[in-house]
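Number of protein chains: 2
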Amino acid sequence: MKIGIVGLGLIGGSLGLDFRRLGHQVFGVARRLETCTQAIAAGAVDQATTTLASLNTVEVVMVCTPIAMIEPTVKEIAPHLAADAVITDVGSVKGAIAAAASQHWPRFVGGHPMAGKTEVGLAAAEAHLFRDRAYVITPLPQTPADAVETVQTLATDLGARVFTCDPTVHDRAVAWISHLPVMVSSSLIQACLHEPDEQVRYLAQQFASSGFRDTSRVGGGNPELGMMMARYNQAEVLRSLQTYREELDHLIHQLQEKDWAAIEHTLAENQAARPSFL
Amino acid sequence: MKIGIVGLGLIGGSLGLDFRRLGHQVFGVARRLETCTQAIAAGAVDQATTTLASLNTVEVVMVCTPIAMIEPTVKEIAPHLAADAVITDVGSVKGAIAAAASQHWPRFVGGHPMAGKTEVGLAAAEAHLFRDRAYVITPLPQTPADAVETVQTLATDLGARVFTCDPTVHDRAVAWISHLPVMVSSSLIQACLHEPDEQVRYLAQQFASSGFRDTSRVGGGNPELGMMMARYNQAEVLRSLQTYREELDHLIHQLQEKDWAAIEHTLAENQAARPSFL
Numbered sequence: 001m002k003i004g005i006v007g008l009g010l011i012g013g014s015l016g017l018d019f020r021r022l023g024h025q026v027f028g029v030a031r032r033l034e035t036c037t038q039a040i041a042a043g044a045v046d047q048a049t050t051t052l053a054s055l056n057t058v059e060v061v062m063v064c065t066p067i068a069m070i071e072p073t074v075k076e077i078a079p080h081l082a083a084d085a086v087i088t089d090v091g092s093v094k095g096a097i098a099a100a101a102s103q104h105w106p107r108f109v110g111g112h113p114m115a116g117k118t119e120v121g122l123a124a125a126e127a128h129l130f131r132d133r134a135y136v137i138t139p140l141p142q143t144p145a146d147a148v149e150t151v152q153t154l155a156t157d158l159g160a161r162v163f164t165c166d167p168t169v170h171d172r173a174v175a176w177i178s179h180l181p182v183m184v185s186s187s188l189i190q191a192c193l194h195e196p197d198e199q200v201r202y203l204a205q206q207f208a209s210s211g212f213r214d215t216s217r218v219g220g221g222n223p224e225l226g227m228m229m230a231r232y233n234q235a236e237v238l239r240s241l242q243t244y245r246e247e248l249d250h251l252i253h254q255l256q257e258k259d260w261a262a263i264e265h266t267l268a269e270n271q272a273a274r275p276s277f278l
Numbered sequence: 279m280k281i282g283i284v285g286l287g288l289i290g291g292s293l294g295l296d297f298r299r300l301g302h303q304v305f306g307v308a309r310r311l312e313t314c315t316q317a318i319a320a321g322a323v324d325q326a327t328t329t330l331a332s333l334n335t336v337e338v339v340m341v342c343t344p345i346a347m348i349e350p351t352v353k354e355i356a357p358h359l360a361a362d363a364v365i366t367d368v369g370s371v372k373g374a375i376a377a378a379a380s381q382h383w384p385r386f387v388g389g390h391p392m393a394g395k396t397e398v399g400l401a402a403a404e405a406h407l408f409r410d411r412a413y414v415i416t417p418l419p420q421t422p423a424d425a426v427e428t429v430q431t432l433a434t435d436l437g438a439r440v441f442t443c444d445p446t447v448h449d450r451a452v453a454w455i456s457h458l459p460v461m462v463s464s465s466l467i468q469a470c471l472h473e474p475d476e477q478v479r480y481l482a483q484q485f486a487s488s489g490f491r492d493t494s495r496v497g498g499g500n501p502e503l504g505m506m507m508a509r510y511n512q513a514e515v516l517r518s519l520q521t522y523r524e525e526l527d528h529l530i531h532q533l534q535e536k537d538w539a540a541i542e543h544t545l546a547e548n549q550a551a552r553p554s555f556l
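In the order they appear, the protein sequences are chains A and B. Just so it is clear: in the first sequence, position 40 is 40 by my numbering, and no numbers are missing. Just so it is clear: in the second sequence, position 62 is 340 by my numbering, and no numbers are missing.
Don't take every hint at face value.
[Claimed, not checked] Calculated cross-link-like contacts (lysine-lysine; reagent style DSSO-like; alpha-carbon spacing at most 30 Å): (1) A:117 with B:395; (2) A:75 with B:536; (3) A:258 with B:353; (4) A:258 with B:280; (5) B:280 with B:353; (6) A:117 with A:2; (7) A:117 with A:75; (8) A:117 with B:536; (9) B:353 with B:395; (10) B:280 with B:395.
Bear in mind the hints are in silico, worked out from the structure with no lab data behind them.
Can you make the complete structure from the sequences, with help from the hints?
Below you can see the structure in the form of structure tokens.
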């Protein structure tokens, strides 16, 4: 199969490595010529250019750009494609993207391979990145079934655990386990920075260990990515934050009331439930 | 030096391994005879019994029991000790403990080696656990200076980064970077469990990856330990939670107002500030 990949960063580059390994022919598009050269050298693409029009012969286009660029990319590429080509993306929000992109290309199938790493960019790309990871596919009711099947097959061939659901259901589920953690973790760092006593703030920094490191990790990550989660999944992130705030208030109340048994019960419930998420 | 260690779990066992390596003679006390046998076999103690009275010849006692048992242990052991013996502990809260324990033994010096691991118990004990980790010593104004120096020297010999501060300052600093993360993380798990739609809840569990894993880790840990943090450091944990809640409300407001620039600015501030804690 001829596959085009727009955006040769961590995800685009890793997809290219896997698709070539699986015998597909991979055409890359990047903004900078330097990235094209690097992608060819890394074996992530068979060829690469800086122009979307170069993808006019591909059967599937994977849009691996930042979220804000997905819809404009689909719009720009549409006039160049064969009528039966399929476009999919890898954005971490789906509701806003799937509806808009499908306007430009009815054979657009939203996708979200859930395989982040701390490192970003082509240099971090690796084969088998998606093996055993969730890959969510989010067709609209009117999305052609054969286009959905094409993306499902590609995702399955990557070794991913493939899920197919409504874009809204995706966004709601992802808000809980990906976007809400960023907001919760961000507020933790902010709170610590607001300690007014300089000695306490200094010692807090000195004492911080694995508990703080892990809980603050995603809130101290890429600011643009975190903002995009909030922006493109606003309704669901807000919904999850409201529930979170209720749980927090509940805990504050238990602390004020010295209801230690209730707090221990909640923590025991967490300990029992957490493995079902991992 | 003759050192007694009461409680042969992760911390007590690890201290024993290090102190024996450093040439001290280590006397262990555990509740169960089986633990005594295991501690001797592991090289964590020179000898061990189940009775506190066996420590009548030691120069320093390290109380490594759960928080709730520290004060009762100091009270019980006091009548057996030489007048110039020093007692210290390893509890993660200090205000409540230091005041109460000093009533029973004026040469009590509060201590907190910050070296947790996920695993607990003697089997998890290891040499060099405290190397390069913070070890906080929290004397009261009336604590004899030579007793403080004894504990400072022992902690320094372990290779730890030794800090000496007021118990209240310790509890305030630790609330930020150790106890608040547990509360924040606990409420995250609770919120996710409160998603009413079964399909969304199921998919959230399936999609959860490293972001959720790290942010939920301490909230899904040992329930008794988490409850003890809340119980014995109630005032400071509540104080940190109130600030946290303000930051969270601030973020919710920015989301409602679609103030994406402010959210990105906050996240950028986090990204810049987080390394100062690690």
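Structure-based check of each hint:
| no. | hint | in the structure |
| --- | --- | --- |
| 1 | A:117 with B:395 | holds, 24 Å |
| 2 | A:75 with B:536 | holds, 25 Å |
| 3 | A:258 with B:353 | holds, 25 Å |
| 4 | A:258 with B:280 | violated, 40 Å |
| 5 | B:280 with B:353 | holds, 20 Å |
| 6 | A:117 with A:2 | holds, 27 Å |
| 7 | A:117 with A:75 | holds, 29 Å |
| 8 | A:117 with B:536 | holds, 28 Å |
| 9 | B:353 with B:395 | holds, 29 Å |
| 10 | B:280 with B:395 | holds, 27 Å |
Of the numbered hints stated above, the single one contradicted by the structure is hint 4.
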